[in-house]
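If you read the sequences in order, they're chains A, B, C, D and E.
This note's numbering applies: residue 52 is where the first sequence begins, and numbers increase by one.
This note's numbering applies: residue 33 is where the second sequence begins, and numbers increase by one.
This note's numbering applies: residue 20 is where the third sequence begins, and numbers increase by one.
This note's numbering applies: residue 18 is where the fourth sequence begins, and numbers increase by one.
This note's numbering applies: residue 28 is where the fifth sequence begins, and numbers increase by one.
Quick caveat, the hints were computed from the structure, so don't treat them as lab data.
These figures come from a predicted structure and were not determined experimentally.
Some hints here could point you the wrong way.
[As the list claims (entries may be wrong)] Calculated cross-link-like contacts (lysine-lysine; reagent style BS3-like; alpha-carbon spacing at most 25 Å): (1) A:LYS225 - A:LYS258; (2) E:LYS85 - E:LYS117; (3) D:LYS422 - C:LYS36; (4) E:LYS85 - E:LYS384; (5) C:LYS96 - B:LYS154; (6) E:LYS117 - E:LYS355; (7) B:LYS154 - D:LYS422; (8) E:LYS355 - E:LYS55; (9) E:LYS191 - E:LYS384; (10) D:LYS265 - E:LYS211; (11) E:LYS211 - E:LYS318; (12) B:LYS193 - E:LYS355; (13) C:LYS96 - B:LYS234; (14) E:LYS313 - B:LYS68; (15) E:LYS211 - E:LYS85; (16) B:LYS234 - C:LYS146; (17) B:LYS234 - C:LYS93; (18) E:LYS141 - E:LYS163; (19) E:LYS379 - E:LYS85; (20) B:LYS352 - D:LYS229; (21) E:LYS117 - E:LYS55; (22) E:LYS229 - D:LYS265; (23) B:LYS68 - E:LYS163; (24) E:LYS229 - B:LYS193; (25) B:LYS193 - E:LYS268; (26) E:LYS55 - E:LYS185; (27) B:LYS68 - E:LYS384; (28) E:LYS141 - E:LYS117; (29) E:LYS211 - B:LYS68; (30) C:LYS36 - C:LYS232; (31) B:LYS154 - C:LYS93; (32) E:LYS313 - E:LYS163; (33) B:LYS234 - C:LYS36; (34) E:LYS141 - E:LYS355.
Residues per chain are reported as follows:
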Amino acid sequence: MSDQSVSLLQIDGLTKLFGGLRAVSDFSAGLPEGALHGLIGPNGAGKTTVFNMITGIYVPTEGDIRFDGTSLVGMEPHLITRTGVARTFQNIRLFQDMSVLDNVRVAYHMHAGYNLADAILHLGRFRRQERLQSDRAQEFLAVFNLTNRRDELARNLPYGEQRRLEIARALATKPRLLLLDEPAAGMNPVETDNLMELIHFIRGQFKLTILLIEHQMRVVMGICEWITVMDFGQVIARGTPKEIQSNQRVIEAYLGKRRVRGL
Amino acid sequence: MRLTWLRTPLRIIAWMVYAALSLVIVYGVYRLIQFKGATYFFQALLDGLRLGFVYALIALGYTMVYGIVRLINFAHCDVFMVGAFSSYYAITSYGWGIVPAIILAMVVCIVLNIAIERMAYKPLRNAPRITALISAIGVSFFLEYFTALRFVFGADFLTYKRPFDVVVWNVLGLSISNITVIIVAVTLALLALLLYIINRTKVGKAMRATSQDATAARLMGIDIDRIITLTFGIGAALAGAAGVLYAIAFPQIWTFMGIMPGLKAFIAAVLGGIGNIAGAVLGSLLMGEIEVLTVSFVPFGSRIRDLVAFLVLIIVFLVKPTGILGEPQVEKV
Amino acid sequence: MALLDVSDLHVAYGAIKALQGITFTIGEGEIVTLIGANGAGKSTSLRTISGLLRPVQGSVCFRGVDLTRMSVDKIVKLGISQVPEGRQIFPKLTVRENLEMGAFTRRDRNEINDSMERVFSSFPRLKERLHQLGGTLSGGEQQMLAIGRGLMSRPTLLLLDEPSMGLAPILVEEIFSIISQINSEGVSILLVEQNAAMALSVAHRGYVLETGKVALQGDASALLANPQVQEAYLGEG
Amino acid sequence: MSMPQARCLPTWLTTLVVAVAVFVIVTMLYARGIMTSYVYNVLQLACIAAISALGLNLVYGFNGQFSLGQIGFYAIGAYSSALITKEFTTYWSGAQFSTLSWLQAGMIGVVVILWAANRLHLRQLFSRLNKALAELRRMERTILVAVVVVLITLVLVAVGAALTWVLQLGISALLTALIPALPAAAAQSVLFFLALVTSAAFAALVAYLVGKPLLRLHSDYFGIATLGFAIVIYTILQNSDMVIATMKGARGMVEIPMWTSWPWVFGILFVLVVVMRNLVYSSHGRAIISVREDEVAARQMGINVPNAKVIAFAIGGFYAGMAGGLYAHLIGFLHPSTFDFVRGFDPLIIIVFGGLGSMTGTLVASGLFSLIIEGLRVVLPQGFEDWRFVIYPILLLAIILLRQKGLLGTHEWGWLQPPHVLLREVAVTGGNPQPPEVIP
Amino acid sequence: GPAVAPTAGDATKAPGGEAPAGDGTVYKVGLIVPLSGDAKTFGISTMNGVMMAVEEAKAEGFNIDILVEDGKCDAQEGTNAATKLITQDKVHYIIGAVCSSESLPVSVLAEQNKVVQITPPSTNPAVTVNEDGTVKQYVFRACFLDPFQGVVMAALAKELGATKAAILYDVSNDYVKGLAEYAKESFEQGGGEVAVFEAYTKNDTDFSAILSKVADANVDVIFLPDYYNKVNLIAQQIKEKGITATMIGGDGWDSSDLELDLMEGGYFSNHYSPQDPRDVVQNFVKNYQTKYNSMPDSFATLGYDAAKILIQAIQEAGTDDTTLVAQKMAAIQYSGVTGDISFDEQHNPIKKAAIIKISGGQTEFFKFVAP
Ligand SMILES: Nc1ncnc2c1ncn2[C@@H]1O[C@H](COP(=O)(O)OP(=O)(O)OP(=O)(O)O)[C@@H](O)[C@H]1O
Ligand SMILES: Nc1ncnc2c1ncn2[C@@H]1O[C@H](COP(=O)(O)OP(=O)(O)OP(=O)(O)O)[C@@H](O)[C@H]1O
Ligand SMILES: [Mg+2]
Ligand SMILES: [Mg+2]
């Protein structure tokens, strides 16, 4: 797929060592604009580590990550976000003691459009922008069906809503690329189905490119157009869901011989 | 750009810089020794070591409790003071020897510290960490001001009568007293004992587990109340022993005696990497040496010994944000 | 007499009433599963059984002994072991030390080593990571470690809270077969799962919780066939 | 959280009424002689404690950075403002405005250096330099880079110093021309104001410079490093007479004009509360709070975490500096022992006591704190003076144990509550259907 | 042994309990001393001395009402204590405070409110004198100033034949620092050499590094101008270092808690000598011992004399008019335990110093030195 015309995200020879452990080794991939790709692989294969390197949490030992032509390697995480990359976390990381609305508004900070002095003096610009920001944030909440939870503390939300809030928050940074790390974990099949629809919806709505890590095959196979499979930090297969499902190596390393029920 | 022609001159400059630096260092050390003679220099080193071991004795208790319950136990230094006072009364009023006096101090401190834990920390186990810290500060104030009342210990500065005579040996022109030897020996023994308990025994592992995730520890069948009580007990025993030895080294006691050595020792523990037993000793030794060497060799050193010590602390932090032996903070995202 | 009798259990977090009178039993050698949506009170039930939470009302009896006033460590010593939701492994202990902590209540070194070998045979990955710190393991590895640690105490009753969460499909399969295997060795299991289909396929009986109450109960196969369950929890509606 | 309710009065109005009432009542009572200077003084001290604690509340309560260094900034504010006003009244340096003008010019110089260093994008510069020199060995490269570093530093410092010098001349001329021309009372007020603001800004700048490297440290390590900073300041103050004789070191700096009065203290507290409130309930405030909640997530939300931390820390330093300045001019005497590290616990105790992250809590707790310590002085009978500090920790412990989240938890009152966000009918642009409801 | 200090309650009889004498005026006096914190023991001694004087006066029918406040050896606390006493309790006279850091802000308030203040032991010149050299009309002190005592100590060293001296002092204590600086100046002027002039801070307990310097310099005398508690600690370590130089100290040494065997052969200057045969001294020592079960130290002595001076000034003025009392005090001729006292134009007492020698584990009177 790296041969596809223009890649929004282009990863080349990415390697990450933790001490002696090769968590990711010579990983390459390309993601065209508007794609919805899946990244799967056994536990500990290095998927989250790839996300962490894209978003600047870890600095790669080797290799390059280009987003829309600029290299993200060595860039500070918040600057990476500013170039248009957003993510969710495998273990939900919300701002627990802030309200649902404020969680989203924090993400909107970089588009706040007023400075400290405006805020302290409550100048006109502050009022206008704050109004705008609240409206935007509430729009996100509406999309994610969280409007009636607006003033609740994030920590008091049930799990499924926390997951949705995390995605809403990521979207508020106005990304072009969204990285979702196991968004369906801990959801039951019905909730998972809803999530899938939601992902589809936001992709169209916000013109996103999405890279998704997930272990629930009903999600990956259901919505991804293209899948990359990792094992021991390396790519072991790429292809359409159909191809992957029948790939012998993937079955051995990851899917298992018996098809998982509920797929 | 062809820059290769730069290589040779640059390399020459580099070697010159290295040579100059080495010369400066060698000369500096030479001057230090020459300043007042080798004896003076080594005596300073030795005095620093002794002070360091005194700090280490206190720091062990701090770091032990911190390592398990993540609480900066500000009351530790006051428990230490109570230990010193109880041995004082045993020695002056009842003529006890050093060993029974230490044991008494340890027992008194253990009882006191466990009582404090029950009353001031245990109810706060589920509260934010800072609340327990404020509680510890409150306990510390209480102990200091309460014991200064007339009918408790009183506000006087009491001279501590050592239960044995000081013997000063002269080795190669350096004077070493039996007090130094005792302090070093006791500190090292306690260090070994603590390391053994924490790393090798089941209780020690239970302590570490409790410190990392108390709920999970309970699910393993660990009675965390017992473990925490035990931790405070061990901390108190260390404070008791330290109190007596400190009073023997610097034979004067009063109810506020704990604050400064306590602070220094705690900071030394942080310098070494808080929660790390060996780090506490290392940090303390460094702290002691810095102080004594500053006083001995830096102009106006005795006025600014604290300043230098804390500047070193800050510099160490900038290089190693979790202290000398502290594990780096890893967070898996 | 059933192994575990839970009757009319009410549990609250402050003002939030998480459980509002649930009753269920687990027989000797049974696998029982609790299913339900997020926030239904599944984890709360497990936490109450293992003593982490105190009920407002109701009782939990294990072989006729009331657990509701007992401390967690005593309950563990009775033979109840919980694998908590969200793994909760000890991040700064090595994999090996984590497993040893699981055997905290046991004394015999040889038996402990035996158990450890058994865990390794189920999860070979853990053996490879033996000296790595728990906190740096990947999500799935941590889950394996948590289950392995739960098994180390040789429990009579094992409480599993979403053991398949975040695991690769091949391991999910594996875990469920391990669950069946442990059960066949006589360990009773209370299983909480989002993946209701799989849970019901290994369980003997099941209970469906809805907002703190038991909505449905019955044999696993009957529940699997129940159209309500299918629609709400199996995604096959 | 409060639901939208039909209020008869907007919150700002009730809050303003209460503030004005407090101000007027105290002023009246004092003017009528019903309130003694003692109570009047203690009230001012309580307000000063509140200002310093508010600053710490931003650093710890809202930003989550455990700092024990607040007392250091308090000391900086106290001593520098005292030097300024004392120079005005006594010409101790032979001039009337040199401290003030040097401080102001110096701060501008430092800020310019920092700004320039920032604009130069040094990190990129060096990586580019490194790349350009790729064919050289590491050792050789290091030398060249070191030379560049030294050169840039020298240039920046030179520019800053030159700027400072020129500015100082200008500022000093300006002050000399303007202030003495005012009527005496006005001149005094203007100067006092300048002294307070300048020294608070100075404290903030020091906080910025100290915080920049130290804020990388985690929780308790940062706490201890800031404690170290406070002790460094304390030691410097003890030896201050070696550099500036007027500061007198351990003898204590005397005859600082006693200009602080209730209107000053209350007015400044009022303004600073408004500033804090507006800051907290802005996007910048939310960014600061999010850092407390989860640094990693905050970064991923595009927040410049180091920056957010250092800004909060500098603002906290500003508040402490302001409080210190007011204190110096209330007591009229400064002694290093007032800035002992044990005193540094006071603002920490106050904010935990009131409820971390609650501005109302901080205000209430500061009042209560002073009330306990001074109230005991009044209440205890003769002969029990030494019981004051025995009872105070008992009360502290009792309250902490009974209200573990502090007096007010995170609750706020009146206008200090989070501003109400309008519920909007939002139409999702594009007219797509809403995603289906997920099972509750 | 530990002094059994009474609480203020024992000493203060219920105010106003006695029938007003003479014109019926009750003279309200405030006493500010540190009663909490690490200077508490000094505060208690001072208070004991003051209370003895007050009770004697009461027994003679003088109508005095004394109110005690804790100044905690701290500027803010001292200020609060003083404003409370002045504005709430309406006292016209203040005895205190002990630490200069308390006395200084109190002196400003006293001057503003025309309240007569006499501090027993604060030596900081700024307590009685403004920076511009003018005297605070209402503020006095009972102790001699650092320059005088410093000179006395230096002269004593010379007299003992010392040529090389070490001076160790506490930078954080202005009394100690002042003494050290004046002793140094004076000793050097007399041709001596101060080979070691080293500072330490209040909380130091380990003096090994400084003492290595002292040992290395081989001095004849060591000036230790600190209080007895610190001196005990330093002397112990001096002994352990094997240093044999003569130790010389100031009035801070005067305490029953001074470890005499450590100071053997040492000298210190004091306000009086217990061996002084005058009645006033003998009565004071005897009464103090019966009342408090310990020998009076310098704080108690100065507290006693300060209170006596105040009472005498009030009696001479015969009214409660503080301006008059201050004038009377400025011109007072008082004869007390610490000698015959009058005030110089800066409100510092002019009195003799007694040199005390320590030998054979006893203190003995050596000689008087007049200013
Ligand atoms: N900070 C770290 N220090 C040391 N090892 C690490 C660190 N982070 C990850 N690892 C190791 O790197 C490997 C890859 O981890 P990663 O989290 O990327 O796996 P993953 O593919 O996301 O797995 P999962 O599906 O279970 O979440 C694992 O073996 C893990 O133990
Ligand atoms: N610590 C807590 N404090 C307050 N409320 C809580 C707490 N833990 C759980 N709750 C509430 O109790 C209810 C039951 O929660 P529980 O965790 O038992 O649900 P669950 O069935 O395990 O859900 P999930 O599938 O998300 O794990 C929920 O409404 C939840 O919000
Ligand atoms: Mg992962
Ligand atoms: Mg759950």
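Is it true that the CA of B:LYS68 sits at most 25 Å from the CA of E:LYS163? violated (49 Å)
Restraint status (C-alpha distance of E:LYS141 to E:LYS163 at most 25 Å): Holds, at roughly 10 Å.
For the pair supplied as a hint, B:LYS352 and D:LYS229, confirm whether the alpha-carbon distance does not exceed 25 Å. holds (16 Å)
Given the hinted pair B:LYS234 and C:LYS93, is their Cα-Cα distance within 25 Å? Answer holds: B:LYS234 to C:LYS93 is near 17 Å, not above 25 Å.
Taking 25 Å as the top limit, are the C-alpha atoms of C:LYS96 and B:LYS154 close enough? holds (24 Å)
Given the hinted pair E:LYS85 and E:LYS117, is their alpha-carbon gap at most 25 Å? holds (20 Å)
Pair hint B:LYS68 and E:LYS384, alpha-carbon separation not exceeding 25 Å: It is violated: about 34 Å lies between the C-alpha atoms, which goes past 25 Å.
Does E:LYS355 lie within 25 Å of E:LYS141 when you go C-alpha to C-alpha? holds (14 Å)
Under the criterion that the straight-line Cα-Cα distance not exceed 25 Å, is the pair E:LYS229, D:LYS265 satisfied? Cα-Cα ~17 Å, so holds.
Can you confirm whether the C-alpha distance between A:LYS225 and A:LYS258 stays at or below 25 Å? holds (10 Å)
Hinted pair C:LYS36 and C:LYS232, Cα distance within 25 Å: holds (11 Å)
Hint consistency between E:LYS229 and B:LYS193 [alpha-carbon to alpha-carbon, up to 25 Å]: Roughly 22 Å between the alpha carbons, so the hint for E:LYS229 and B:LYS193 holds.
The structure fails to meet hints 4, 11, 12, 14, 15, 19, 23, 26, 27, 32 and 33 from the earlier list, while all remaining hints are met.
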